[in-house]
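Protein chains: 2
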Amino acid sequence: MTTQAMNSILHDAQQALKSRLYFSAYPENPKAYPEDWNELGKTAFSKQLNENFTELDSNDSTGWIGTEVSPYMQVGLGVHYPQFTVETLISKANAAKTAWTSLSPQNRANILVEMLDAVRERFFEIAYATMHTTGQSFVMSFQASGPHANDRALEVIAMGLQELERFDHDVTWVKNMGKFDLTLKKNFKAISKGIGLVIGCSTFPTWNTVPGLFANLIAGNVSIVKPHPKSILPIAIVVAEMQKVLVKHHLPTSIVQLAVDTLEEPITKKLAEHSDIQLIDYTGGSAFGDYIESLNGKTVFTEKAGVNSVILDSVADAKSVFGNLAFAASLYSGQMCTAPQNVFVPESGIDTSEGHLSFEEVVQGIADSIKGLVENPKMGPFTLGAIQNDITRNRVLKTLENKEVALRPIDFVNPEFADTRVLSPAVVVVNAADKEAWSHECFGPILFVVKTKDSAESLKLTAESAKNKGAITCQCYSTNNDFCNIVEDTMNGVFAPVSFNFVGAAFVNQHAAFSDLHVTGGNPSGNASFTDALYVNRRFVWVGNRYMA
Amino acid sequence: MTTQAMNSILHDAQQALKSRLYFSAYPENPKAYPEDWNELGKTAFSKQLNENFTELDSNDSTGWIGTEVSPYMQVGLGVHYPQFTVETLISKANAAKTAWTSLSPQNRANILVEMLDAVRERFFEIAYATMHTTGQSFVMSFQASGPHANDRALEVIAMGLQELERFDHDVTWVKNMGKFDLTLKKNFKAISKGIGLVIGCSTFPTWNTVPGLFANLIAGNVSIVKPHPKSILPIAIVVAEMQKVLVKHHLPTSIVQLAVDTLEEPITKKLAEHSDIQLIDYTGGSAFGDYIESLNGKTVFTEKAGVNSVILDSVADAKSVFGNLAFAASLYSGQMCTAPQNVFVPESGIDTSEGHLSFEEVVQGIADSIKGLVENPKMGPFTLGAIQNDITRNRVLKTLENKEVALRPIDFVNPEFADTRVLSPAVVVVNAADKEAWSHECFGPILFVVKTKDSAESLKLTAESAKNKGAITCQCYSTNNDFCNIVEDTMNGVFAPVSFNFVGAAFVNQHAAFSDLHVTGGNPSGNASFTDALYVNRRFVWVGNRYMA
Chain A
-8 MTTQAMNSIL HDAQQALKSR LYFSAYPENP KAYPEDWNEL GKTAFSKQLN ENFTELDSND
52 STGWIGTEVS PYMQVGLGVH YPQFTVETLI SKANAAKTAW TSLSPQNRAN ILVEMLDAVR
112 ERFFEIAYAT MHTTGQSFVM SFQASGPHAN DRALEVIAMG LQELERFDHD VTWVKNMGKF
172 DLTLKKNFKA ISKGIGLVIG CSTFPTWNTV PGLFANLIAG NVSIVKPHPK SILPIAIVVA
232 EMQKVLVKHH LPTSIVQLAV DTLEEPITKK LAEHSDIQLI DYTGGSAFGD YIESLNGKTV
292 FTEKAGVNSV ILDSVADAKS VFGNLAFAAS LYSGQMCTAP QNVFVPESGI DTSEGHLSFE
352 EVVQGIADSI KGLVENPKMG PFTLGAIQND ITRNRVLKTL ENKEVALRPI DFVNPEFADT
412 RVLSPAVVVV NAADKEAWSH ECFGPILFVV KTKDSAESLK LTAESAKNKG AITCQCYSTN
472 NDFCNIVEDT MNGVFAPVSF NFVGAAFVNQ HAAFSDLHVT GGNPSGNASF TDALYVNRRF
532 VWVGNRYMA
Chain B
-8 MTTQAMNSIL HDAQQALKSR LYFSAYPENP KAYPEDWNEL GKTAFSKQLN ENFTELDSND
52 STGWIGTEVS PYMQVGLGVH YPQFTVETLI SKANAAKTAW TSLSPQNRAN ILVEMLDAVR
112 ERFFEIAYAT MHTTGQSFVM SFQASGPHAN DRALEVIAMG LQELERFDHD VTWVKNMGKF
172 DLTLKKNFKA ISKGIGLVIG CSTFPTWNTV PGLFANLIAG NVSIVKPHPK SILPIAIVVA
232 EMQKVLVKHH LPTSIVQLAV DTLEEPITKK LAEHSDIQLI DYTGGSAFGD YIESLNGKTV
292 FTEKAGVNSV ILDSVADAKS VFGNLAFAAS LYSGQMCTAP QNVFVPESGI DTSEGHLSFE
352 EVVQGIADSI KGLVENPKMG PFTLGAIQND ITRNRVLKTL ENKEVALRPI DFVNPEFADT
412 RVLSPAVVVV NAADKEAWSH ECFGPILFVV KTKDSAESLK LTAESAKNKG AITCQCYSTN
472 NDFCNIVEDT MNGVFAPVSF NFVGAAFVNQ HAAFSDLHVT GGNPSGNASF TDALYVNRRF
532 VWVGNRYMA
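Protein chains in written order, with this note's numbering: chain A, -8 to 540; chain B, -8 to 540.
Any given hint could turn out to be false.
Identical copies carry no separate label here, and so any pair may be met within one copy or between two of them.
Cross-link-like lysine-lysine pairs, in silico, DSS-like; alpha carbons within 27 Å at most [to be verified]:
| hint | residue 1 | residue 2 |
| --- | --- | --- |
| 1 | Lys33 | Lys289 |
| 2 | Lys9 | Lys180 |
| 3 | Lys289 | Lys458 |
| 4 | Lys170 | Lys369 |
| 5 | Lys458 | Lys180 |
| 6 | Lys289 | Lys451 |
| 7 | Lys389 | Lys38 |
| 8 | Lys180 | Lys451 |
| 9 | Lys184 | Lys289 |
| 10 | Lys22 | Lys444 |
Hints were generated in silico from the structure; no laboratory data involved.
Kindly produce the complete structure, drawing on both the sequences and the hints.
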């Protein structure tokens, strides 16, 4: 990439951050890339299997480890990564600090954009790696781990650069004191905090990792990426490409390191508690997230679990709404942090433009839509993908016991991979009063239809749930504008965003870079947001020095 | 003020925030104001004495309290303020929320600027109130509590408005999906966190209070000001003027409330721990600051104690340097959070352009300069002001016991107030190894000259001290540019700012609004800074809503 191209992309990204209009620097359609990239990517992925991943700097490593399992094949990938002790990782990170902080923010931004360009060339390989670690479909794997992740990374580079250039850096300050001028030379420096640890999750190994990683880097912090032990390869490819760009610029590779561990011998806590780690980004379950937030003296950014609600009040076209809901609940088998879980429906049912639907008809409508989607062989398997792990699958099955189940998981076969770990979304009917059943997060393919007194109660429960358990998204279907306004105000008051009357190609699950903020940071689902100004400003400290002129 | 004037002042303030060039919206020279304002202000102050302060909304108050004592007269002021229960304060604050949040950020900004304009008309009265609560000299009282405080408040309004307008608020987002466009209407809202508590200190009752207060308000948070029980009147006048502007705009006065208490029956903890208080600003000692920072679920901004160091390496003109240091240590008798405490001097002494000075000669030079200042009847009493309370005075006297004292407190009389509580700065000589003596904060008029091996050790100790005990300022005198660079890098590395070679009218104590950041937030002297973007962004949460178009 030319410097001009980099400046142009950063400028466009900064404009988009302000305007919130649609912007993407990396096309999300696989067909927008050279025709042979898909086959090349597939082949490259296959070649990684049962081999050591040798693209990362492995100096001072103690061995090779890796325990990933494909949710599609349910066999181990056999990819092994260099293993390092925590002390080695920290010591290498410390050694790389000065080289990185001595670069100007603009120089760092250029290098980071160049890294994204290098990652772009491996989007297809990353897509297959994402499929076979997370269980996402190919299209989601491609989009989420490739262009969408790159866009999110570009977004924080753009935001970071803007913040780092907020103040003029060298200033001659002149104050008239009456008979004379007092002149001081001042400089303003954004001092990075040190070493950042970025802890990944098993379901979105790059999309949820690169925002924190690139935010650390633009602010001058060297970084250690600790991927989920079952979802390493996608981010390993990203980190490898980043290290190659560093080498090209004669910079230490340990500005970005990959810290691989196993479920049996985890190193996350040891890393997180190390006194040299100043910043921690975390995506994952709430219990570990709460532990991360409790660590003293760390700057912490978390995305934890939330319970996402849908308020069903009244609709224009019931079929489109049920279809939209069915897709949102089925996409990646409900394993998105933005997937809906609880659908609140008044016991008296809902009005539609084609007449009233009873509560039971609404439940049936949702169940039928999911059934139709799952049983559509051209749609179902590719929307649902695979279940990432057995824990998720077993938790959902266990939850169904002793419940009123409107739709049980449906048998279906993935036409490409016969051994895919699958589970189609179940629909459970519960009463509002049975909070024990629906009020906590049940990650995976399950939808609770919660019977309420009326829409006012639906809203009340949705707001309480967001406030107490967190919510990353919230959806409302209503043809009543006044009610929509009340929902918006009430939910925004507990710092949850609302999507209204989504049908067609608009899905509550999808958060677009440069426009949608992801997580607000204001409720228990997380303490930070992709990407507001706080997301970068908390990673460095402004210091102003003054010289007698 | 006209809307045009308000917009112009906000625009200029935003420009100054970026350029960091000299800017002030409120002249600091008392002579820049109408000639009769001084007399009028003095008279107004006198009329407040021994009366109830009736300018504040006293609805639902339970009585009248006030225990302030003039450090100049050492008699009680006799001013009594309405007293409220914590529950009343919270309930009134809650009742005012909607009226305040429903205003646009620009409307809030205009009202806040109008408040500052109203406060401006009472600068002289506030100055006398500040003198007789804090013990500051008249000029410092005028400047710090009047124009400089107003500038700091304007600064956060300008920064806040900029941040609240960071994103376009209403957006039509169009994404081309190939065969069709997906169109969503999006809105982005900055949701205020709720009620902010601003806890004041006894020495700078307005300067340290208004930044947090106006930052809360611009971000849409209603606020409760809890002044130090011995320093109420200056901020009571400010809050009264703010309430009057609210009334003029038909807004509830309880958008800003004053919560007065006494040392005997403090209400600060009860307020701070109340679940409805979401934001806390605090200025004061470290022990209570640490408690405030430890409260769960609160957004906290602290300015605590620091140990400010001076590195004396080499100088051009020793006399100017000693004079500058003497003034910095004497200004308000060392009771500024920015005052130097420890002066690190190599045991071999320092080079000057007029030859070498031994360690002993340096100590003597500093002591002589302070002595000269204190004993100058036109300078001394007005630079030193009064000691705010007996605790400070007794602590310093106690500290002198069993020490090598190069300059003992000098007897002097304030020509205006014979009963002034005074204590001139003492100079104590200690060895670097005697950390017990110099490494903790000793608030008040005392300077430790610390004998080090060499300037490298001076820097090492200064950096350690900033890292472990915090530092709001740091000063270095050196004619060696390479050493200055090392000092800047090292001290910035522990997030402390450095002022170099200040002589003449430049003093390390003075932090100018719109240019100097006050406290970095990166070391134990505090977790926030006047005024970076974090200072306002942490007070609200961005939420984005989406509507199917």
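These are the hints, each one checked on the structure:
no. : hint            : verdict
1   : Lys33 - Lys289  : neither (40 Å within a copy, 49 Å between copies)
2   : Lys9 - Lys180   : both (24 Å within a copy, 13 Å between copies)
3   : Lys289 - Lys458 : both (25 Å within a copy, 15 Å between copies)
4   : Lys170 - Lys369 : between (83 Å within a copy, 20 Å between copies)
5   : Lys458 - Lys180 : between (38 Å within a copy, 18 Å between copies)
6   : Lys289 - Lys451 : between (35 Å within a copy, 24 Å between copies)
7   : Lys389 - Lys38  : neither (38 Å within a copy, 76 Å between copies)
8   : Lys180 - Lys451 : between (47 Å within a copy, 21 Å between copies)
9   : Lys184 - Lys289 : both (10 Å within a copy, 23 Å between copies)
10  : Lys22 - Lys444  : neither (49 Å within a copy, 69 Å between copies)
Figure legend: structure checked against the earlier numbered hints; hints not met, in rising order: 1, 7, 10.
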